[in-house]
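S.K.: Listed below, chain by chain, are the residues.
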Amino acid sequence: EAQVTQNPRYLITVTGKKLTVTCSQNMNHEYMSWYRQDPGLGLRQIYYSMNVEVTDKGDVPEGYKVSRKEKRNFPLILESPSPNQTSLYFCASSTGTSGRGEQYFGPGTRLTVT
Amino acid sequence: EDKVVQSPLSLVVHEGDTVTLNCSYEVTNFRSLLWYKQEKKAPTFLFMLTSSGIEKKSGRLSSILDKKELFSILNITATQTGDSAVYLCAGQGAQKLVFGQGTRLTINP
Numbered sequence: 002e003a004q005v006t007q008n009p010r011y012l013i014t015v016t017g018k019k020l021t022v023t024c025s026q027n028m029n030h031e032y033m034s035w036y037r038q039d040p041g042l043g044l045r046q047i048y049y050s051m052n053v054e055v056t057d058k059g060d061v062p063e064g065y066k067v068s069r070k071e072k073r074n075f076p077l078i079l080e081s082p083s084p085n086q087t088s089l090y091f092c093a094s095s096t097g098t099s100g101r102g103e104q105y106f107g108p109g110t111r112l113t114v115t
Numbered sequence: 057e058d059k060v061v062q063s064p065l066s067l068v069v070h071e072g073d074t075v076t077l078n079c080s081y082e083v084t085n086f087r088s089l090l091w092y093k094q095e096k097k098a099p100t101f102l103f104m105l106t107s108s109g110i111e112k113k114s115g116r117l118s119s120i121l122d123k124k125e126l127f128s129i130l131n132i133t134a135t136q137t138g139d140s141a142v143y144l145c146a147g148q149g150a151q152k153l154v155f156g157q158g159t160r161l162t163i164n165p
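The listed protein sequences derive, respectively, from chains V and B.
Add 1 to the 1-based position in the first sequence for my numbering, that's all there is to it.
Add 56 to the 1-based position in the second sequence for my numbering, that's all there is to it.
Okay, chain V solo, but in the shape it has when bound (with noise of 0.2 Å):
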């Protein structure tokens, strides 16, 4: 089944502990991206990536890292959370070359950070 797996699901951490999101799709899509959402915000692009080893930054990237070794996997990084990165996270992969076209969003994964 095609498919974008976010782990995990729900994390509830403590303020400066490091921690790392996973993000896997598995139809091979160039295209991978990031977004938070929060109330009242709608969704936020915090970093994309067009092709392996190739990212850059969304319109919120402050306080996230990302890294983009194989095409299938893109983890989001928080070196140091802090509690104004509560948020839900989602992961997208797309069917198009630059991000144009459809974008499979993975379940979301939930972050408290106190």
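Derived from the structure by calculation, the hints contain no laboratory data.
A quick note: this is a predicted structure, and the numbers were derived from the prediction, not measured.
Heads up, some of the hints might be wrong.
What the hints assert, rightly or not - Lysine-lysine pairs mimicking DSS-like chemistry, simulated, CA-CA at most 30 Å apart: (1) K96(B) <-> K58(V); (2) K97(B) <-> K18(V); (3) K58(V) <-> K19(V); (4) K96(B) <-> K72(V); (5) K66(V) <-> K97(B); (6) K19(V) <-> K96(B); (7) K58(V) <-> K59(B); (8) K58(V) <-> K123(B); (9) K93(B) <-> K113(B); (10) K66(V) <-> K96(B); (11) K97(B) <-> K70(V); (12) K97(B) <-> K19(V); (13) K97(B) <-> K72(V); (14) K124(B) <-> K59(B); (15) K93(B) <-> K58(V); (16) K58(V) <-> K97(B); (17) K93(B) <-> K72(V); (18) K59(B) <-> K93(B); (19) K66(V) <-> K59(B); (20) K93(B) <-> K66(V); (21) K18(V) <-> K96(B); (22) K18(V) <-> K66(V).
Please build the complex by placing chain B on the supplied structure of chain V, with the hints as guidance.
M.R.: Same frame as chain V, but now just chain B:
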């Protein structure tokens, strides 16, 4: 700065009504406009619009894009309680997708 604005932010109607959701956009190097439906989980794809004036339909849902006026509408006819959700529109630029805040649609029986 790129932006996508949806209206209304919230809408409550009765089952059977027809609704129109609005989306205006200002996106650099605009390529397409996408609509998604989000229930209590990840957004699911509805439509992608690239050409002005060509309506896309899927059952009771339809959508159209006006590239001159920079807006799109999503119509839902004969609404059902299962249509209750947040509807998101997004403008696709050269490399990124910019989302609106969403319209929360509630269908009362």
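S.K.: So, for every hint listed, does it hold in this structure?
M.R.: Tested hints:
1. At most 30 Å may separate the alpha-carbon atoms for a hinted pair to count; K96(B) and K58(V) meet this at roughly 28 Å.
2. Between K97(B) and K18(V), the direct Cα distance comes to roughly 27 Å. Compliance with the 30 Å bound is thereby established for this hinted pair.
3. Distance restraint check for K58(V) and K19(V): the Cα-Cα separation of roughly 20 Å lies within the 30 Å cut-off, and the hinted pair is therefore satisfied.
4. For the suggested pair K96(B) and K72(V), the alpha carbons sit about 29 Å apart, so the restraint of at most 30 Å is met.
5. For the hint pairing K66(V) with K97(B), the CA-to-CA distance comes to about 24 Å; that is within 30 Å, so the pair holds.
6. Straight-line distance between C-alpha atoms of K19(V) and K96(B) comes to about 28 Å, which keeps the hinted pair within the 30 Å bound.
7. With a C-alpha separation of about 17 Å, the suggested pairing of K58(V) with K59(B) holds against the 30 Å cut-off.
8. As the CA atoms of K58(V) and K123(B) are separated by approximately 27 Å, the hinted pair is consistent with the 30 Å bound.
9. The hinted pair formed by K93(B) and K113(B) meets the criterion: a straight-line CA distance of about 15 Å does not exceed 30 Å.
10. At most 30 Å may separate the alpha-carbon atoms for a hinted pair to count; K66(V) and K96(B) meet this at roughly 27 Å.
11. Distance check on the hinted pair: K97(B) and K70(V) sit about 28 Å apart at the alpha-carbon level, within 30 Å; holds.
12. For the hint pairing K97(B) with K19(V), the CA-to-CA distance comes to about 26 Å; that is within 30 Å, so the pair holds.
13. For the suggested pair K97(B) and K72(V), the alpha carbons sit about 25 Å apart, so the restraint of at most 30 Å is met.
14. Proximity of K124(B) to K59(B) is assessed by CA-CA distance (about 16 Å); at most 30 Å being required, the pair is judged to hold.
15. The straight-line distance between the Cα atoms of K93(B) and K58(V) is roughly 26 Å, inside the 30 Å bound, and the hint therefore holds.
16. Restraint check: the Cα-Cα separation between K58(V) and K97(B) comes to about 25 Å, which is no more than 30 Å; the hinted pair holds.
17. With a C-alpha separation of about 27 Å, the suggested pair K93(B) and K72(V) falls inside the 30 Å cut-off, and the hint holds.
18. With a C-alpha separation of about 19 Å, the suggested pairing of K59(B) with K93(B) holds against the 30 Å cut-off.
19. Annotation: proposed proximity of K66(V) to K59(B) holds, straight-line Cα distance about 24 Å (limit 30 Å).
20. Proposed proximity of K93(B) and K66(V) is supported: the alpha carbons are some 28 Å apart, at most 30 Å.
21. A threshold of 30 Å between alpha carbons decides the hint, and for K18(V) with K96(B) the separation of about 28 Å falls inside it, so the pair holds.
22. For the given pair, K18(V) sits about 14 Å from K66(V) by alpha-carbon distance, which is consistent with the 30 Å threshold.
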